[in-house]
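Under UniProt numbering, think of the first position of the sequence shown as 1, with each following residue one higher.
Everything labelled a hint here was simulated from the structure, so no lab data went into it.
It should be emphasised that the depicted structure is a prediction, and the values quoted were computed from it without experimental measurement.
With a cut-off of at most 25 angstroms between alpha-carbon atoms, the simulated SDA-like pairs for lysine to any residue come out as follows:
1) K150 <-> V368
2) K150 <-> S74
3) K294 <-> H306
4) K269 <-> L351
5) K230 <-> S348
6) K316 <-> D386
7) K294 <-> E265
8) K294 <-> A256
9) K43 <-> W143
10) K433 <-> V378
11) K113 <-> P129
12) K105 <-> V45
Beta-carbon label-pair distances, calculated as ranges:
13) T395 <-> R302: 23 to 29 angstroms
14) K131 <-> R460: 57 to 63 angstroms
15) G414 <-> V167: 40 to 46 angstroms
16) T12 <-> P370: 36 to 42 angstroms
17) K218 <-> E40: 46 to 52 angstroms
Beta carbons are placed, not taken as given, at the ideal position from N, Cα and C, and that holds for glycine.
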Amino acid sequence: MLQRDPSKDYKTADDSGIHVEYVNAVYDTLMKAPNEVPKEVLKAVINSLLKDRKPHTKDDLRAYLILLQNPQFSTLSTYVIFAHLLRQVAALSDHDHHFLVHWIKLLERDRFKGILERLHNFIACRLFPPKPEDLPPLAKCSWWIPCATKVMALLNAANNLAQPPLVAHTDFYNSTLDHLDLMAEYYAWQNPSSHAGFSFCQYPFILSIAAKRSVLQKDSEQQMIIQARKSLVAKVQRRQLPDVGMLFLNLTIRRAHIVSDSLNEVARKQHDLKKKLKVVFAGEPGLDMGGLTKEWFLLLLRKIFHQDYGMFTYDKRAGVHWFSLTPCENYQEFNLVGVLMGLAVYNSINLDVRFPTVCYRKLLSPAVVPFNNPRATVGIVSVTLDDLKILMPDTARGLQDLLEYDGDVEDDFGLTFEVSQAEFGQMKAAALKPGGENLSVTNDNREEYVPLYCEWVMNRAVYQQFAAFYHGFHSVCASNALIVSLGFIGCHPLDRKMCCM
1 MLQRDPSKDY KTADDSGIHV EYVNAVYDTL MKAPNEVPKE VLKAVINSLL
51 KDRKPHTKDD LRAYLILLQN PQFSTLSTYV IFAHLLRQVA ALSDHDHHFL
101 VHWIKLLERD RFKGILERLH NFIACRLFPP KPEDLPPLAK CSWWIPCATK
151 VMALLNAANN LAQPPLVAHT DFYNSTLDHL DLMAEYYAWQ NPSSHAGFSF
201 CQYPFILSIA AKRSVLQKDS EQQMIIQARK SLVAKVQRRQ LPDVGMLFLN
251 LTIRRAHIVS DSLNEVARKQ HDLKKKLKVV FAGEPGLDMG GLTKEWFLLL
301 LRKIFHQDYG MFTYDKRAGV HWFSLTPCEN YQEFNLVGVL MGLAVYNSIN
351 LDVRFPTVCY RKLLSPAVVP FNNPRATVGI VSVTLDDLKI LMPDTARGLQ
401 DLLEYDGDVE DDFGLTFEVS QAEFGQMKAA ALKPGGENLS VTNDNREEYV
451 PLYCEWVMNR AVYQQFAAFY HGFHSVCASN ALIVSLGFIG CHPLDRKMCC
501 M
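Make a model of the complete structure from these sequences and hints.
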């Protein structure tokens with residue numbers, strides 16, 4: 001099943017050396033063979049697994065990859081053998097995993113999906129066996145699910161590396177997990193010493209949107225209760241009479257000064273941001289049963305996100321907002337928007353605002369706010385032209401045309417390594433690299449120009465704006481539940497929270 005071309009080096013991550021067509025043919029034939037043949041194959045698999053030589057050679061890794069593709073592991077009767085295979089693959093070194101991941105990304109889509117589906121079924125059947133008597137007692141094989149999930153993580157890594165991805169990220173969701181006690185999983189993740197060190201929250205790619213939303217919402221409710229209890233205890237300790245209002249984040253807003261009042265209220269009540277939100281409009285009767293809070297969000301965001309306000313741009317084709325590339329003198333309002341987004345997520349309020357996926361990666365860079373170093377760099381991520389396609393499709397199309405252009409780029413495009421932007425009413429140039437204003441874009445260097453342009457749009461030009469937004473958001477949503485919720489970049493539960501469904 002291995003290729004033996006002497007002119008090739010099969011010790012690299014770029015080529016597994018596996019004869020793909022031959023492997024496919026063997027497995028296709030195996031499934032059609034008489035019953036005795038598959039049994040003999042399984043015996044051979046058992047014998048090979050029992051040897052488990054260490055250290056592992058590249059041929060051992062190839063053997064593991066070939067065995068993972070075995071369609072026989074789709075049936076319950078083979079799960080004991082399959083489990084031992086998964087345990088050995090999961091226990092490989094990081095160096096060996098690196099090779100496996102790069103080889104897995106080279107698989108045909110159907111073969112990749114076959115492995116993924118078998119892992120999903122294996123996890124589902126171990127959690128909720130159709131016939132418990134057909135499997136060993138859970139107490140004796142508690143390692144089955146952690147090993148299967150770790151192997152699935154290798155497939156997830158491979159899928160992220162493949163261009164385009166082999167499957168949609170939603171194919172990694174296991175809806176069976178929606179029926180677990182998700183908060184127990186979450187607490188197990190936060191306290192690994194008391195739960196054998198495994199929790200599905202360690203692998204957020206496997207959790208569905210519903211599961212992530214549930215964890216985030218329940219964690220928010222828990223934090224609200226904790227904050228309210230702290231306020232109550234503090235009042236009692238000071239021998240003051242507790243009141244109901246102290247249990248909430250109470251904002252009093254004048255409609256005519258909605259932005260400035262919101263800024264002042266949020267700044268004044270930083271220590272109450274994790275309490276349940278209640279909004280009152282000054283001079284208007286009525287209790288906030290949720291409607292006034294939603295109205296406040298609607299009016300405030302409608303004003304801030306309007307293009308005439310100058311803080312955000314909106315691309316109609318992409319349907320997403322992005323931070324204005326123009327510098328400003330005061331970034332407090334970007335901090336306020338971050339707080340608003342955090343409050344919306346924290347209070348389970350859907351907003352009619354959409355950001356591109358790169359925004360969520362930036363919110364996790366780093367995932368834990370560096371409070372001990374306020375000047376630490378935040379929100380800087382690796383970006384590509386694919387990210388820009390989601391954000392500014394027309395601009396990305398122009399850059400793609402630049403890359404594919406057959407003529408003379410320097411003469412026909414007349415570009416240099418700089419961009420122009422409006423700054424306080426005047427057009428100013430920004431160099432994409434030192435000396436960029438004097439460096440023409442040519443056929444030879446255009447592949448350097450495009451990534452630098454993407455970096456400028458999504459990192460450099462918006463750094464101050466996003467940093468303020470980042471700190472505002474995390475002032476409300478600094479919790480491990482957020483890391484779980486945003487742990488897989490793609491279709492985000494956070495994006496679902498921010499956008500009306």
